[in-house]
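From just these sequences and the hints, can you work out the full model?
2 protein chains.
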Amino acid sequence: MARTIAVIGDRWTLLILRECFLRTRRFEGFQSALGITRHLLAERLKKLVRQGILRRVPYQESPKRHEYILTQKGLDLYPIMMAIVHWGDTHMVDERGRPLLHQHRNCGKNFDPVMVCSECGEPVLAKEVHTHPGPGARRPLAQKETEAPAPKPKARRKAA
Amino acid sequence: MARTIAVIGDRWTLLILRECFLRTRRFEGFQSALGITRHLLAERLKKLVRQGILRRVPYQESPKRHEYILTQKGLDLYPIMMAIVHWGDTHMVDERGRPLLHQHRNCGKNFDPVMVCSECGEPVLAKEVHTHPGPGARRPLAQKETEAPAPKPKARRKAA
DNA sequence: GTTTGACAGTTCAAAAATAGAACTGTAAAC
DNA sequence: GTTTACAGTTCTATTTTTGAACTGTCAAAC
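Residue numbers (the working numbering), protein chains in the order written: chain W, 3 to 162; chain U, 3 to 162.
Simulated from the structure, these hints should not be mistaken for lab results.
Just so you know, these numbers come straight off a predicted model, no measurement behind them.
Heads up, a few of these hints could be off.
Remember, identical chains collapse to one label, so a pair may be satisfied in a single copy or spanning two.
[Unchecked claim] For lysine-lysine, the following DSS-like pairs were computed, each having C-alpha atoms within a straight-line distance of at most 25 angstroms: (1) K75 / K129; (2) K129 / K111; (3) K48 / K66; (4) K66 / K111.
This is the structure in structure tokens:
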């Protein structure tokens with residue numbers, strides 16, 4: 003999670019990616035849709051390309067111009083987008099209602115995303131989930147003493 | 003989405019919330035688990051309480067102490083968390099593997115979150131979704147000319 | 001009965017990120 | 001020859017974030 007947030011966890015990256023999903027591909031398109039500063043936009047696009055989330059594809063020679071296209075890695079962010087949008091639709095809408103509706107082509111209906119268990123197919127609630135350290139676990143999860151018993155407590159406070 | 007990102011879209015908020023889901027409740031707990039500066043942590047906790055995502059609950063008098071507990075609004079962020087974790091598990095793991103496994107109590111198995119359509123129950127792919135402006139639509143979505151009828155045929159460059 | 005430690009912050013200077021605005025460069029259109 | 005569209009880059013000013021120390025309360029330890 004920390005690694006993912008290092009990539010998409012800032013004020014603009016997810017909004018840029020939203021535009022990608024809405025078929026924006028070019029610098030000016032992002033800039034005018036979002037009002038992001040050009041400097042930051044250039045910065046973020048570079049980062050997303052470095053991360054393999056966008057691909058920079060030339061669409062004209064002479065003044066070299068490129069489009070930014072979602073890779074598969076980028077497309078895989080879709081559930082994150084939808085989860086965020088859905089939470090916003092549930093908790094952050096004003097009187098006017100949802101800004102955007104999503105229609106599922108396969109069934110033809112406007113839908114909300116539902117998170118289900120890959121194993122049993124049932125919707126998952128936070129309370130129903132138990133976590134276990136996996137093979138790449140990064141921290142012992144409640145470690146206090148690894149060292150010898152309290153050697154030199156350093157002086158806290160100014161009083162000596 | 004913009005409104006949601008204004009709340010959870012920064013380098014620390016989602017990590018703080020992850021700790022909440024892992025049952026961390028107290029200031030020192032967050033601080034030592036994340037290594038966030040105390041200043042920012044205090045700042046972020048205040049913001050989350052203001053937003054109604056956490057509730058500040060006293061757990062002792064005398065030196066007044068509080069715990070930070072997820073509200074329902076906060077618990078509803080779970081699908082976002084899981085979507086992020088799953089993307090990280092798919093695209094950002096190192097050789098060691100996943101840091102954390104999630105077990106679904108209802109079926110007993112370790113699972114991945116799957117996003118399905120609320121209407122037909124099938125998994126949803128980005129390509130299968132069509133968007134329409136909703137009642138709260140904020141911008142015309144591809145407006146170029148609101149003024150006089152397209153007087154300028156746009157400059158096209160030589161296709162490459 | 002003073003000292004230490006746990007806890008939950010606050011304060012302040014320094015460093016980093018972001019905003020705002022103007023500037024660069026290419027090439028076609030007028 | 002001037003303007004326009006596009007995709008950036010450069011610069012300064014503001015805002016955020018970091019790092020580190022400081023404040024304050026109370027309980028237990030010495």
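K75 and K129: within-copy, between-copy, both or neither at 25 angstroms Cα: For K75 and K129, only the inter-copy Cα distance (14 angstroms) is at most 25 angstroms; the intra-copy one is 30 angstroms.
Within, between, both or neither: K66, K111 at alpha-carbon 25 angstroms: neither (42 angstroms within a copy, 52 angstroms between copies)
Identical-chain pair category, K129 with K111, by Cα at 25 angstroms: between (30 angstroms within a copy, 15 angstroms between copies)
Intra/inter-copy verdict for K48 and K66 if alpha-carbon distance must be at most 25 angstroms: within (16 angstroms within a copy, 48 angstroms between copies)
Violation of the numbered hints given earlier is confined to hint 4; every other hint is satisfied by the structure.
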